[in-house]
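Novice: Respectively, the protein sequence lines represent chains A and B.
Numbering-wise (numbering that gives the first Met the number 0), the first sequence opens with residue 0 and increments by one.
Numbering-wise (numbering that gives the first Met the number 0), the second sequence opens with residue 0 and increments by one.
What the hints contain is simulated information worked out from the structure, not anything from laboratory work.
Please note that the accuracy of each hint is not assured.
Here are the simulated lysine-lysine pairs, DSS-like style, with alpha carbons at most 30 Å apart [what the hints assert, rightly or not]:
#1 B:K175 - A:K189
#2 A:K237 - B:K73
#3 B:K393 - A:K189
#4 A:K80 - A:K195
#5 B:K142 - A:K144
#6 B:K175 - B:K142
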Amino acid sequence: MNVVVCVKQIPDPAAPGSLDPSTHNLVRGGKLILDDSDSYGVEMGLQLAEQAGGGEVTLVSMAPAGETSGLRTALAMGAAKAILVSDDTLAGSDALSTAKVLAKAIERAQPDLVLAATESTDGYTGTLPVQLAELLGMPSITFAKKVLISDGTVRVERQTEAGYDDVECPLPAVVTVTSGVVEPRYPSFKGIMAAKSKPLEQLAVSDLGLTSDAVGAAGARQEVTGVSAAADRQAGEKVVDEGDAHEHIVRFIEQLKLA
Amino acid sequence: MLSELRINLEFFLTDWLKIDELLQRPRFADHSWESITDLLHAAERIAANKFEPYNRLIDTEVPRFDGEHVILPKATHDAWDSLVEFGIFPASQDHENGGMQLPQIAEFAVHTLFAASAVAMCPDVLTESNASLLVAYGTDMQKKIFATSEFEGRWTGTMALSEPQAGSSLADITTKALADGDDFEGDAFGPRYRLTGNKMWISAAEHDLTDNIIHLVLAKTPNPDGIIDSGTRGISLFIVPKVLVDLDGKLTEHNDVALIGLNHKIGFRGIPNTSLSFGDGSYQPLGKSGAVGYLVGQAGDGLRQMFHMMNAARIRVGLGAAALGYAGYAASLDYARTRTQGRPMTLEGRDPSKPQVPIIEHADVKRMLLVQKAYSEGAIALCLYCARLLDEQKTGGADEMRKASILLDTLTPIVKSWPSEWCLEANNLAIQVLGGVGYTPDFPVEQFWRDNRLNMIHEGTHGIQALDLLGRKVVMHEGEGLRLLEEEITGTIERAREHSELASSCDQLSVAVQKVREATAGAWSTGNREEALANATPYMQGFGHVVLAWIWLDIVAATTPANNPITEGKRAAMRYFFAYELPKIDAWLGVARDRVPVCTEMQDSWF
Chain A
0 MNVVVCVKQI PDPAAPGSLD PSTHNLVRGG KLILDDSDSY GVEMGLQLAE
50 QAGGGEVTLV SMAPAGETSG LRTALAMGAA KAILVSDDTL AGSDALSTAK
100 VLAKAIERAQ PDLVLAATES TDGYTGTLPV QLAELLGMPS ITFAKKVLIS
150 DGTVRVERQT EAGYDDVECP LPAVVTVTSG VVEPRYPSFK GIMAAKSKPL
200 EQLAVSDLGL TSDAVGAAGA RQEVTGVSAA ADRQAGEKVV DEGDAHEHIV
250 RFIEQLKLA
Chain B
0 MLSELRINLE FFLTDWLKID ELLQRPRFAD HSWESITDLL HAAERIAANK
50 FEPYNRLIDT EVPRFDGEHV ILPKATHDAW DSLVEFGIFP ASQDHENGGM
100 QLPQIAEFAV HTLFAASAVA MCPDVLTESN ASLLVAYGTD MQKKIFATSE
150 FEGRWTGTMA LSEPQAGSSL ADITTKALAD GDDFEGDAFG PRYRLTGNKM
200 WISAAEHDLT DNIIHLVLAK TPNPDGIIDS GTRGISLFIV PKVLVDLDGK
250 LTEHNDVALI GLNHKIGFRG IPNTSLSFGD GSYQPLGKSG AVGYLVGQAG
300 DGLRQMFHMM NAARIRVGLG AAALGYAGYA ASLDYARTRT QGRPMTLEGR
350 DPSKPQVPII EHADVKRMLL VQKAYSEGAI ALCLYCARLL DEQKTGGADE
400 MRKASILLDT LTPIVKSWPS EWCLEANNLA IQVLGGVGYT PDFPVEQFWR
450 DNRLNMIHEG THGIQALDLL GRKVVMHEGE GLRLLEEEIT GTIERAREHS
500 ELASSCDQLS VAVQKVREAT AGAWSTGNRE EALANATPYM QGFGHVVLAW
550 IWLDIVAATT PANNPITEGK RAAMRYFFAY ELPKIDAWLG VARDRVPVCT
600 EMQDSWF
């Protein structure tokens, strides 16, 4: 059971971020970290490989300047190896051009299953995984809260607003995993040290048989036309539980939905 | 809070303490800055998920005794398991002892994150310190069975020194240990004794976290003539397991160690504090009453050995106090940024139709936040500096190792007491920033204060630290510790003079160091111990403030000015410390220098 997990490395949310004023794109200089939403996919992949009694988890990522910090975190969790695509020509990529790059990298790993988060924490387009499935010629299932593998089939409990649907499709397939469905293991100290010696293959665009006009800003079909600052954080509202706290909570969640 | 703290720790390790240079040393060949940042990120995640959310819970769901066991909340078990799986306990130990030779400064940085999240979550500091002592002084068998099990988190450890009648005065302990039979020296775990006596204020001595607890117990042994020394010379150190084990470490039978009761505390409530009875016949190990204990090292050497654990614990007490100071600072900063109240002091502010402003815009709130920043970040920096000395002790050249040992010895009372006193004051101000709600349990700052209040008391009280500093540390080796510290401070001043804007701070610190020297000489000028030590605590307060001024100047001098919030914040904290805090030393050092007798002359009946 060989699982590929798509892993995005993002700027540390704790550090002040910035946008490129000319492109409105996020500046991705300096250290990047593992997108927290991808840690669920990594954990799910590790569990599925363990349950299958064999196989391994391969990470696939695209990041500038050969950045590997986030990959090291996922390797420390237990992934066996990683493929990183890093190339100056990839700057300005949109979701589709990123999917093209990742698809080529994933083909090299010949996985039985591809896992990804439903969306990234810094981009939130949520479109890449299904584009990836199309490019790979695989079926896809989104919003998985539970994943079972048997007899060449993946069975998924797919989260819906009302509950979940049972869906299945043949392997290989692309499945997106929602946050919070498994508890990602923490990298141990030994895992962190072991990650340093795990295979990490770094590729350029040309290694994937792609041309530079198909990727990066040149190949992008999406454009960020404007950005505005988020509203300042307001003081919270304190709810005193006088036996009706549940009603306050329901109202609060309703307001969140409207927002 | 944790992410900001982690970024601060990374700043101290790289920009100030130059960890990249340390990592060039052979002992740390396996490590890189990359792997250390990975470690910090992982620690931050564990702390954020397993510690911080449960800090209030462990304060309210206190350990309870069900007649047989002391039960801890599930959150404590989860946190302990996550620490064990993380594998941090033996991290800085030698490879041959199952460790990974992580630099101490990195390990301290990791622990800062956990302490800031829930300082009283579990007995990690005690267990690690206990095992480290056994690595230093234990036999191979003692290390293999007891220390290894503690490093692996299967068992926890305690330090059992105090007794109901003997806390600070350990010479007065009465717990005694007698050789257990003619073959007592033939036990595989070391010379076997039977202990009897009561111990008090023993943390984590009974709980359901692990199935065994390793007590390190101070007890008096008779000399060859059968006489027990009334001083400290007869004190020996013993391993007393709660449950005895066989040669493979498998549990066999309950030792004669019984819980007398749990002590109820105002803070640090997640970790049970106990009074224990050794050898009262509650159990009959190996067929008779008396707690079985195995001698560590040589008989009569117990206090010296225990101070190995105690000194390590004292630095970690300082670190815990500093982390609590930071936690309160972060909580009150967050509150001050969102709580709106009042208007500016300008003319415009008199218009009530104008919106109220966040309280962080008021000068006095800024002052209270800056005090907390200067105290807590300065205290964390001091602890990391001491951790750097621990690394120097292991990896420096012969001369550097010796200097580091003496400097660390000199600074130990400061690193324990300064954060304990001033980060408690930081927590006091955190409550003040929040005002009325800070005085309620709806916000965490009152708990931080209650938790921090312990630190001036345990592992050697404030007064004991002061006596240690003025009575021993600054005069030992003919004052070499103080001279070495002065050399370090002078080196900082020379480096800082390269920055013209720091010139007046350099002058101020030079004068302050001179005042420490004068106070030390003045206190001891008559050679009368009682006179010299009468004002030991004010002396320590003045000494500590000079050390922190030095730390702040060193941080600023070592880091390139840059227009970013971190370095600007550090410079503001330094400016605050030199303008508001350093001038306070005159009163403290003055009474010590002049041997002011006001307190010693006070008569009981005048109170």
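Novice: Taking 30 Å as the top limit, are the C-alpha atoms of K142 (chain B) and K144 (chain A) close enough?
Specialist: Violated, at about 46 Å.
Novice: Is K237 (chain A) close enough to K73 (chain B), meaning Cα to Cα at most 30 Å?
Specialist: Between K237 (chain A) and K73 (chain B) the Cα gap is close to 27 Å, so the pair holds against 30 Å.
Novice: Between K80 (chain A) and K195 (chain A), does the CA-CA distance stay at or below 30 Å?
Specialist: 11 Å, holds
Novice: Is it true that the CA of K175 (chain B) sits at most 30 Å from the CA of K189 (chain A)?
Specialist: The hint is violated at about 42 Å.
Novice: Would the pair K175 (chain B) and K142 (chain B) pass a check requiring their Cα atoms to be no farther apart than 30 Å?
Specialist: Given that 30 Å is the threshold and the Cα spacing comes to 24 Å, the pair holds.
Novice: Measure nothing beyond the straight line between the CA atoms of K393 (chain B) and K189 (chain A); if it is 30 Å or shorter, mark the hint as holding.
Specialist: Between K393 (chain B) and K189 (chain A) the Cα gap is close to 22 Å, so the pair holds against 30 Å.
In this structure, the hints that do not hold are numbers 1, 5, in rising order.
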